[in-house]
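Quick mapping for you: the protein sequence lines, in order, are chains U and C. Note that the first sequence covers residues 1 to 178 in the numbering used here. Note that the second sequence covers residues 1 to 256 in the numbering used here.
Be aware that a few hints might be false.
[Said to hold, decoys possible] Straight-line distance between alpha carbons at most 16 angstroms, and here's what the computed EDC-like set of lysine to aspartate or glutamate pairs gives:
(1) Lys93(U) to Glu121(U)
(2) Lys93(U) to Asp119(U)
(3) Lys93(U) to Asp148(U)
(4) Lys93(U) to Asp123(U)
(5) Lys83(C) to Asp154(U)
(6) Lys83(C) to Glu121(U)
Hints listed in this document are in silico derivations from the structure and should not be mistaken for laboratory results.
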Amino acid sequence: MIVRPNQRRGFTLIEITVSSILLALLVVLMGKIWYGMLRPTSYMAARARLDEEAALAAAALARDLGGYYSDPAGRLGTQNLYKFVGRMQVSNKQLWLCYDAGNPPNGTADWTSPDIVIDYELDGTSLIRRNQSTNSTFVVAQYVQNLDFLNLGDRVQIQITFSYRGITQTYTVVARDP
Amino acid sequence: MMSTRFRCLRQGSTFLELLVAFMVLCIALTGLVPLVAMQSRQLARLERHFSPGTTRYLVPAANTWAQKLGAAAALQSTDPGLKPAPPVLEIVNGDLGYSETGSGWQDNPAGLQGYSRIHPAGNGSNSAQWTFTRMQPGWYTVLATWPSAINQANNAAYSIYDGTSTPTLRGSIVVDQTAPPNGVISQGQPWQSLGTFPIRSTTLNVILSDIPSGQVCADAIWLVPVRNTVTVNSFTRSLTDPTVSATVSVTVVTPQ
Chain U
1 MIVRPNQRRG FTLIEITVSS ILLALLVVLM GKIWYGMLRP TSYMAARARL
51 DEEAALAAAA LARDLGGYYS DPAGRLGTQN LYKFVGRMQV SNKQLWLCYD
101 AGNPPNGTAD WTSPDIVIDY ELDGTSLIRR NQSTNSTFVV AQYVQNLDFL
151 NLGDRVQIQI TFSYRGITQT YTVVARDP
Chain C
1 MMSTRFRCLR QGSTFLELLV AFMVLCIALT GLVPLVAMQS RQLARLERHF
51 SPGTTRYLVP AANTWAQKLG AAAALQSTDP GLKPAPPVLE IVNGDLGYSE
101 TGSGWQDNPA GLQGYSRIHP AGNGSNSAQW TFTRMQPGWY TVLATWPSAI
151 NQANNAAYSI YDGTSTPTLR GSIVVDQTAP PNGVISQGQP WQSLGTFPIR
201 STTLNVILSD IPSGQVCADA IWLVPVRNTV TVNSFTRSLT DPTVSATVSV
251 TVVTPQ
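Model the full assembly from the supplied sequences, consistent with the hints where possible.
What follows is the structure in structure tokens.
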């Protein structure tokens with residue numbers, strides 16, 4: 001018996017038809033997956049990133065608006081030492097907080113040494129917290145588009161707009177003076 | 001014998017191969033579902049805490065020592081309202097916080113603000129009361145002032161109570177209202193100390209009742225908080241386990 005080597009090089013019509021149908025199905029499925037899962041996942045990840053940034057900014061503000069100088073030195077001394085004594089909104093773009101110091105503390109905001117001044121301001125797209133007394137800064141949030149401080153008497157309204165991967169979200173905090 | 005071997009030159013895939021590849025892709029995509037669920041849960045949790053488009057409020061701790069030792073302001077969704085006013089520490093007759101029971105109280109054109117209230121000798125069923133609310137628990141020196149008069153009782157009794165529902169008597173002090181108060185001068189008037197008392201609730205009541213031996217005069221009561229001078233020498237916190245512990249070293253100087 002003579003067996004001829006299989007020399008078929010192409011597909012049959014049925015194979016091409018089935019493959020085309022499967023390919024079309026795959027394209028549709030991929031599209032659905034993109035719109036139904038991957039894109040929302042990416043969107044949610046970006047939103048979660050903004051929420052985390054906002055939560056970190058709120059935590060930093062909560063510490064500094066808690067009533068005392070929030071660095072470790074603020075825990076020490078008498079009850080009047082390092083107490084929150086003043087707040088300023090410079091051009092509604094910077095928030096200055098003054099903590100009483102000196103020996104003894106004089107109970108008023110002097111905005112200069114020996115008092116300690118902490119300020120929040122925007123540096124590019126970063127929200128930074130600066131200790132004017134030690135001239136040290138740290139970045140509180142990275143994707144800030146806009147920052148506004150509004151004096152409401154014994155409160156201050158802080159509005160921070162974040163922007164990340166095409167998503168823009170605004171968070172508002174109203175802080176009551178200690 | 002003839003060879004049955006032959007070369008397979010087919011370049012494409014069989015239907016079975018495509019099907020298997022398709023199934024593998026589906027399984028891989030199924031693995032994304034937990035990721036999506038995790039992301040959405042994390043987002044929900046974050047936005048429950050602080051979501052865009054809503055206003056959150058930062059409210060400092062009520063206790064000053066808690067603030068001093070590092071309690072951050074609380075982030076909450078409800079408006080806490082205005083900052084509570086500090087407690088009133090001086091109540092003059094006629095002010096909010098002053099009240100009378102019984103009958104027979106009369107105006108007297110003398111006193112801290114030019115007037116006071118007097119009651120003739122009685123059986124003890126009529127009283128004047130000064131109620132201080134929103135107090136911080138602690139020690140207070142209670143001072144009283146009255147315009148003296150020769151026809152007033154020399155044994156008028158002020159009683160100091162702590163609390164409202166089941167008040168605790170902290171002391172009962174007898175003063176001579178025929179003579180001016182013996183003590184510090186404030187607002188142009190002499191004030192006599194009735195003593196220093198511990199207050200554990202947030203309400204302090206001072207009651208002056210009528211007595212059979214003579215007329216009593218109700219004018220004003222002034223509270224002076226007695227505070228220790230506390231200095232924090234060191235403060236360390238441990239965050240190594242779920243229980244946060246703090247060690248505080250303080251120096252306390254009690255008032256002399």
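We went through each hint and held it up to the structure:
1. Lys93(U) to Glu121(U): holds, 6 angstroms
2. Lys93(U) to Asp119(U): Holds, at about 10 angstroms.
3. Lys93(U) to Asp148(U): Holds. Lys93(U) to Asp148(U) sits at ~5 angstroms (cutoff 16 angstroms).
4. Lys93(U) to Asp123(U): holds, 11 angstroms
5. Lys83(C) to Asp154(U): holds, 8 angstroms
6. Lys83(C) to Glu121(U): violated, 26 angstroms
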